[in-house]
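Q: Given these sequences and hints, build the entire structure.
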Amino acid sequence: DTEVTQTPKHLVMGMTNKKSLKCEQHMGHRAMYWYKQKAKKPPELMFVYSYEKLSINESVPSRFSPECPNSSLLNLHLHALQPEDSALYLCASSQRRGGETQYFGPGTRLLVL
Amino acid sequence: GENVEQHPSTLSVQEGDSAVIKCTYSDSASNYFPWYKQELGKRPQLIIDIRSNVGEKKDQRIAVTLNKTAKHFSLHITETQPEDSAVYFCAANQNNNNDMRFGAGTRLTVKP
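Chains as they are written, first to last, in our numbering: chain A, 180 to 292; chain B, 17 to 128.
Relax, there's no trap hidden among the hints.
Quick list of simulated restraints, FRET-style, between CB atoms:
#1 Ser44/B <-> Arg275/A: 17 to 27 Å
#2 Leu233/A <-> Arg67/B: 24 to 34 Å
#3 Asn111/B <-> Glu237/A: 12 to 22 Å
#4 Lys84/B <-> Leu290/A: 41 to 51 Å
#5 Asn236/A <-> Asn83/B: 27 to 37 Å
Result set (DMTMM-like, lysine to aspartate or glutamate): computed pairs, CA atoms no more than 20 Å apart in a straight line:
#6 Lys58/B <-> Glu203/A
#7 Lys198/A <-> Asp264/A
#8 Lys188/A <-> Asp264/A
#9 Lys220/A <-> Glu21/B
#10 Lys219/A <-> Asp100/B
#11 Lys73/B <-> Glu279/A
Since the hints were derived computationally from the structure, they do not count as laboratory data.
Built from N, CA and C at the ideal position, the CB exists for glycine as well.
A: Laid out in structure tokens, this is it:
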């Protein structure tokens with residue numbers, strides 16, 4: 180299995196809702212990432228997990244909360260989002276953090292109303 | 017930290033022509049340089065990568081060249097086809113637990 184999967188594909192939520200994005204990989208990768216991508220921009224790193232430990236949080240607002248339940252799964256919990264948080268949220272994984280190919284999931288397209 | 021610049025931001029070529037996209041990086045410790053292709057509404061997909069111990073790598077119609085001294089690397093696509101139309105991102109990364117930095121992207125249009 181050489182694929183990263185993400186659910187849901189699309190999500191519409193209100194500013195008071197709580198929702199979660201899910202990501203899964205079965206490649207034995209030990210680094211997993213959350214990126215945010217706005218239209219016509221490159222992916223912007225949000226969080227990195229290395230060996231199931233949060234390694235980096237690029238000054239992301241606390242309304243985004245990552246979780247890594249095990250080496251194959253990554254969640255992103257969303258609460259009280261703003262309309263400007265509407266974007267494509269991409270999960271990626273790599274063998275290890277640093278100097279390795281990152282494989283991206285198909286993304287979740289999020290719209291915050 | 018690493019800073020990656022990518023040019024041009026848009027590129028339009030006629031089918032069959034070649035396309036070249038260039039990137040520069042700032043951190044001399046960077047040693048891994050992937051190129052991703054992202055079609056509209058799809059995920060970024062790795063098309064080719066190069067490590068700092070080689071100067072060039074080729075895969076069919078796609079090649080990447082790296083000049084470590086000048087800190088720049090380029091993507092070359094020959095015999096372009098309409099299905100090559102997409103946004104291309106370069107990136108730079110290091111082994112020592114630093115994270116990948118992307119260029120701003122190049123929108124390539126191949127006209128039939």
